[in-house]
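Engineer: For reference, the chains in residue letters:
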Amino acid sequence: MKVVELRNVSFRYAGSERNVISNINLQIEEGESVLITGPSGCGKSTIARIIMGLIPHSYPGELSGEAYVLGMNVFENPVSSIATKCGIVFQNPENQLFTFSVEDDVAFGPENLALPRDEIRRRVDESLKLVGIEHLRYSSPNSLSGGEQQKAAIASILSMHPSVMIFDEPTSMLDPSSSVSLVQSIFKLKESLEKTGKKITLIIIEHRISLLLNHVSRIIIVSDGRIVVDSDPITALYEGFKQGIPINIPPVLQIFFRIKDKCGLENPPKDLKELLTNLKTR
Amino acid sequence: MVEIVVENLFFKYHDAEKYALKNINLVIKERESIAILGENGAGKTTLAKNLNGLLKPTQGSVRIDGIDTRSLSVAKIARKVGFVCHNPDHQFFAETVEEEIKFGLRNFGFSEKEAEKKLQEVLKIFGLEEYRRRNPFQLSGGEKKRLAIASIIVWNPELLILDEPTIGMDYAQRQNIQKILKSLVSEGRSIIVITHDVDFAANICERAVVLSRGEIIGDGSLRDLLSNQEVIEKASLRKPFLIELEEELGFKRFEEDFDSISEFLIRVFPRCRS
Numbered sequence: 004m005k006v007v008e009l010r011n012v013s014f015r016y017a018g019s020e021r022n023v024i025s026n027i028n029l030q031i032e033e034g035e036s037v038l039i040t041g042p043s044g045c046g047k048s049t050i051a052r053i054i055m056g057l058i059p060h061s062y063p064g065e066l067s068g069e070a071y072v073l074g075m076n077v078f079e080n081p082v083s084s085i086a087t088k089c090g091i092v093f094q095n096p097e098n099q100l101f102t103f104s105v106e107d108d109v110a111f112g113p114e115n116l117a118l119p120r121d122e123i124r125r126r127v128d129e130s131l132k133l134v135g136i137e138h139l140r141y142s143s144p145n146s147l148s149g150g151e152q153q154k155a156a157i158a159s160i161l162s163m164h165p166s167v168m169i170f171d172e173p174t175s176m177l178d179p180s181s182s183v184s185l186v187q188s189i190f191k192l193k194e195s196l197e198k199t200g201k202k203i204t205l206i207i208i209e210h211r212i213s214l215l216l217n218h219v220s221r222i223i224i225v226s227d228g229r230i231v232v233d234s235d236p237i238t239a240l241y242e243g244f245k246q247g248i249p250i251n252i253p254p255v256l257q258i259f260f261r262i263k264d265k266c267g268l269e270n271p272p273k274d275l276k277e278l279l280t281n282l283k284t285r
Numbered sequence: 063m064v065e066i067v068v069e070n071l072f073f074k075y076h077d078a079e080k081y082a083l084k085n086i087n088l089v090i091k092e093r094e095s096i097a098i099l100g101e102n103g104a105g106k107t108t109l110a111k112n113l114n115g116l117l118k119p120t121q122g123s124v125r126i127d128g129i130d131t132r133s134l135s136v137a138k139i140a141r142k143v144g145f146v147c148h149n150p151d152h153q154f155f156a157e158t159v160e161e162e163i164k165f166g167l168r169n170f171g172f173s174e175k176e177a178e179k180k181l182q183e184v185l186k187i188f189g190l191e192e193y194r195r196r197n198p199f200q201l202s203g204g205e206k207k208r209l210a211i212a213s214i215i216v217w218n219p220e221l222l223i224l225d226e227p228t229i230g231m232d233y234a235q236r237q238n239i240q241k242i243l244k245s246l247v248s249e250g251r252s253i254i255v256i257t258h259d260v261d262f263a264a265n266i267c268e269r270a271v272v273l274s275r276g277e278i279i280g281d282g283s284l285r286d287l288l289s290n291q292e293v294i295e296k297a298s299l300r301k302p303f304l305i306e307l308e309e310e311l312g313f314k315r316f317e318e319d320f321d322s323i324s325e326f327l328i329r330v331f332p333r334c335r336s
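Line order of the protein sequences matches chains A and B. Per our numbering, the first sequence starts with residue 4, numbered consecutively. Per our numbering, the second sequence starts with residue 63, numbered consecutively.
Keep in mind that the hints are not guaranteed to be accurate.
Unchecked claim - One-sided excerpt, in silico: chain A residues whose CB lies under 8 Å from chain B:
1) P59
2) H60
3) M75
4) E79
5) V82
6) Q94
7) N95
8) P179
9) H210
10) I250
11) I262
Since the hints were derived computationally from the structure, they do not count as laboratory data. If you're wondering where the values come from, they're calculated on a predicted model, not measured in any experiment. Ideal placement from N, C-alpha and C gives every residue a C-beta, glycine not left out.
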């Protein structure tokens with residue numbers, strides 16, 4: 004089943020002279036995990052806003068094409084009905100935390116789904132645990148550091164158990180080891196929910212490709228408002244490299260792509276050690 | 063030239079039980095490039111805000127060129143110590159990019175003609191020319207970040223503090239900001255970068271101050287500190303790629319230039335020479 008389908012979508016923000024995205028065609032199947040990357044200002048976040056229906060409902064501008072999420076026509080349904088199935092974690096966590104305690108923020112979604120009290124409590128516990136902020140439960144979101152706010156924002160989406168989750172730079176403010184563990188917990192959550200028979204689709208917008216490379220099944224590169232590459236991760240990055248698109252290709256692949264033909268290397272190495280081991284063998 | 067001396071600084075937010083910073087001692091001089099590193103919630107931003115007077119010490123002191131920050135206005139300090147917030151939305155208030163950039167210049171007494179000239183220079187450096195009349199709040203994440211830096215750098219403060227400058231930046235912009243910061247240091251300015259991006263820090267900073275739970279656990283050469291496994295683990299960091307490469311190959315000092323690193327590897331490994 005297709006969970007996301009964009010057909011020939013173009014959008015121009017009010018006040019801007021050019022289209023931020025042009026003729027986007029995109030299909031995402033249920034259960035996929037997709038990384039969307041590309042130069043800053045290329046239209047990545049705009050695509051996320053369209054999938055959520057925030058465009059056209061909250062952002063004025065000129066829109067054309069068609070967009071469907073889980074079979075719902077995005078442009079004809081209110082954001083509130085899309086949001087019950089499709090959760091987004093924004094680039095800036097402060098834009099989505101608004102109550103006086105982390106617990107209230109995380110409970111807000113389930114409360115609005117009118118879930119039973121025990122279930123709400125269970126989901127709040129589970130979500131706080133997954134991102135590792137149980138100790139911040141009663142803290143005010145305002146008093147948290149940037150990284151802690153980001154975790155709280157993610158917990159507030161996880162508690163909704165959405166079937167499509169969009170993350171717009173979910174780890175931008177986290178330290179390296181928290182970023183790695185957060186990404187792992189997102190994928191662990193996907194796995195554990197899938198054991199119960201529920202399929203989760205992940206759409207992640209990130210500049211830090213190295214964090215997600217081993218987790219996603221597909222990479223889409225957007226450049227100047229168009230999808231220029233869409234394939235399996237390594238092929239996508241090699242294509243992006245050849246086209247000279249300024250994306251953050253992990254250093255070890257930057258080198259691998261440059262020397263692989265000359266040095267007769269076939270398989271992309273997972274880290275520097277492996278690259279050097281391969282180079283040493285004759 | 064600016065010198066900041068931090069002595070026995072303790073800081074506690076007014077509603078908090080615990081100290082966010084404990085017993086911080088630091089001296090920052092001209093021509094320094096310092097990375098402040100540490101895990102989430104370690105106190106990095108709190109320290110930066112104490113350096114530019116946005117926060118005043120609970121105990122101890124921060125002196126800028128000999129004067130205690132408690133007796134200086136934030137505006138006065140800002141002329142010398144520029145601060146780029148991690149969240150650009152906190153910094154913006156003007157209706158256009160142009161006004162945002164000119165605001166500081168006007169307040170610091172630059173003439174309209176000078177301000178216009180500086181505006182054009184900085185728009186060009188940061189690739190923001192086409193956004194001159196756009197609303198700052200409508201820019202993309204990476205564009206906002208560039209504007210936030212441009213609007214501070216434009217008045218050329220003697221010390222520039224940047225809180226997570228590379229968030230939302232692509233490879234080309236990251237290289238660009240690296241180049242800009244390096245040239246500031248070579249002109250005799252100082253920079254302090256708060257970042258989780260250890261590769262970025264390793265490319266531009268000589269010195270690192272590593273914080274963990276509000277205390278300094280390391281202050282010295284960035285290369286030494288980020289080769290130290292104990293410091294890396296304690297502060298939830300990661301070894302920068304270039305340091306890893308140097309250790310693996312036993313060579314010192316690579317620059318972040320993948321073309322020349324690749325050429326080097328092709329030269330060294332026999333299997334690449336057929």
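Engineer: Please name the hints from earlier in the document that this structure breaks, with their numbers sorted from lowest to highest.
Structural biologist: The structure conflicts with hints 1, 2, 3, 4, 5, although it agrees with all the remaining ones.
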